Each structure stands twice: as C-alpha cells, then as structure tokens.
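Participant: Sequence:
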Amino acid sequence: MRRIRAKLSYANVMSTLAVFLVLGGSAWAATTLPRNSVGSKQLKANAVTSGKIKNGTLLSKDFKSGQLQAGPAGAVGAKGDKGDKGDKGDAGVPATKYWARIVTFLSGDIFSSTGTVTVTWAASAGEYTVAYPQAVNDCSTIVSVNRGINGGFGAQVIIPSVSYGSDNSHTNISFSDAAGTLTRPLGFNVATFC
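So for the sequence shown, our numbering puts the first residue at 58; every next one is plus one.
It cannot be assumed that every hint is accurate.
Pairwise CB distance ranges, derived in the manner of DEER restraints [what the hints assert, rightly or not]:
1. Ala248 <-> Gly183: 14 to 24 Å
2. Val214 <-> Ala148: 19 to 29 Å
3. Asn194 <-> Thr238: 25 to 35 Å
4. Ser218 <-> Gly134: 38 to 48 Å
5. Gly172 <-> Asp195: 27 to 37 Å
6. Lys145 <-> Ser181: 51 to 61 Å
7. Leu100 <-> Ala127: 54 to 64 Å
8. Lys145 <-> Asn225: 48 to 58 Å
9. Ser169 <-> Asn225: 20 to 30 Å
10. Gly134 <-> Asn103: 16 to 26 Å
11. Leu116 <-> Ala148: 25 to 35 Å
12. Ala102 <-> Gly123: 18 to 28 Å
13. Gly183 <-> Cys251: 20 to 30 Å
Keep in mind the hints are simulated off the structure, nothing from the lab. The structure presented is a predicted model; accordingly, all values stated were derived computationally and were not measured. Cβ coordinates follow ideal geometry from the N, Cα and C atoms, glycine included.
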C-alpha cells in the first residue's frame with residue numbers, strides 16, 4: 058500500500074479521473090441522446106459511407122440530377138387519339154396571269170390577250186418585247202409557237218428564247234431555227250404566271 062501511495066501523484070490521479078469521465082460521458086451520450094438530435098451539422102464530411110447505408114433505402118430523388126444512369130428505353134406507348142380538325146385557313150391571293158396570242162404575219166398584232174400587255178416587234182434586234190403592268194422577273198413565262206414559217210403547224214423546228222428587260226416589267230422574246238439562225242414564226246403564244 059505504501060508503494061502505491063509513493064507512486065501516486067496529482068497528475069496520475071487527474072489523468073485517471075479524466076479517463077473515467079470520458080468513458081462515462083460517451084456511454085451517457087450513446088444511451089441518452091434525444092431522437093433525431095443528430096443532423097448534418099454534427100456529421101463530419103464523408104462520415105456516411107456505403108457500408109453504413111442499408112441497401113434499398115435510398116430513392117432516386119435522394120441523388121443529384123445526372124448521378125444515376127438512365128434505365129433502358131420503355132416500350133412504345135399506344136397511339137393517341139386523333140386530334141380535332143383545324144380551322145379553315147384564309148383564302149390565298151389568286152395568282153396573276155397574263156397572256157397574249159400574237160399573229161406575226163399581221164405585223165405583230167395581238168389577236169387576243171388579257172388586255173393588260175402590249176407586244177412590239179423590233180426588227181433590228183430580231184425580237185418581240187412584251188410589256189406588263191408589273192415586274193415579272195420572279196414570274197414564269199411560257200412561249201409556244203403556233204405556226205411555222207411556211208404557215209404549217211409543226212412544219213419547222215422553231216425555238217423561242219425569253220429574257221427579262223432591265224426594268225423587269227417586260228420580256229424580250231426571240232426565235233431561232235434548229236441551226237441557231239434568228240427567224241420569225243407566223244404566230245406564237247405567250248403566258249406569264251406570277
């Protein structure tokens with residue numbers, strides 16, 4: 058007993074008491090903590106690991122967007138019901154049409170037309186000029202020969218050529234034969250659609 062007393066010091070006594078207090082305090086904390094008293098503030102970073110989580114307890118909403126891999130594509134759903142019929146659309150603007158039938162053996166007179174085009178013959182250029190009341194450079198112009206040079210229908214190959222004037226409100230029409238020589242049919246038709 059004297060030997061034990063001889064070895065006792067203030068430091069030994071205090072350290073032994075500290076050990077008992079710590080152990081007793083841990084036991085008290087483990088058995089007397091109120092329910093739901095430990096929150097995110099009490100948890101250290103990376104304290105909750107996979108081994109501490111019960112399998113099947115986490116939900117997809119517990120993970121950040123993009124953390125979970127997408128599952129396989131589902132089956133194609135049933136075809137939906139037919140939609141209601143849409144309202145009738147507004148009436149479109151009618152197309153603009155210009156046409157003229159020219160009889161060239163009458164000095165290029167217009168035999169019949171829409172009444173809003175004029176046709177003139179320029180002998181020096183070997184072409185007809187058809188003037189319109191509007192720009193026609195974005196329109197489609199069709200020319201057909203209705204009489205050959207000798208007056209026969211289809212008696213000779215005559216090829217029309219159409220170009221637009223500088224102001225885009227008239228077309229220049231010339232004709233050539235199969236050899237490329239400028240010629241003048243006895244009549245032709247011109248139609249322009251905008």
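Participant: Please go over all the hints and tell whether each is borne out by the structure.
Facilitator: Hints versus structure:
1. Hint check: Ala248 to Gly183, Cβ distance near 22 Å, so the stated range 14 to 24 Å holds.
2. For Val214 and Ala148, the hinted distance range of 19 to 29 Å is not satisfied, since their beta carbons lie about 43 Å from each other.
3. The hint said 25 to 35 Å for the Cβ distance between Asn194 and Thr238, and at roughly 28 Å that hint holds.
4. Range check, Ser218 to Gly134: about 60 Å between beta-carbon atoms, so the 38 to 48 Å window is missed.
5. For Gly172 paired with Asp195, a C-beta distance near 22 Å fails the hint of 27 to 37 Å.
6. The hinted range of 51 to 61 Å is satisfied by Lys145 and Ser181, whose Cβ atoms lie roughly 55 Å apart.
7. Our hint of 54 to 64 Å for Leu100 and Ala127 is violated, since their Cβ atoms are close to 30 Å apart.
8. With their beta carbons about 35 Å apart, Lys145 and Asn225 fall outside the hinted range of 48 to 58 Å.
9. A C-beta distance of roughly 25 Å is found between Ser169 and Asn225, which places it inside the suggested range of 20 to 30 Å.
10. The supplied range of 16 to 26 Å is broken by Gly134 and Asn103, whose beta-carbon atoms lie about 43 Å from each other.
11. Range check, Leu116 to Ala148: about 58 Å between beta-carbon atoms, so the 25 to 35 Å window is missed.
12. Distance hint check: the CB atoms of Ala102 and Gly123 are about 22 Å apart, consistent with the given range 18 to 28 Å.
13. For the hinted restraint 20 to 30 Å between Gly183 and Cys251, the CB-CB distance of approximately 27 Å keeps it satisfied.
Hint compliance for this structure: hints 2, 4, 5, 7, 8, 10, 11 are not met, and every other hint is.
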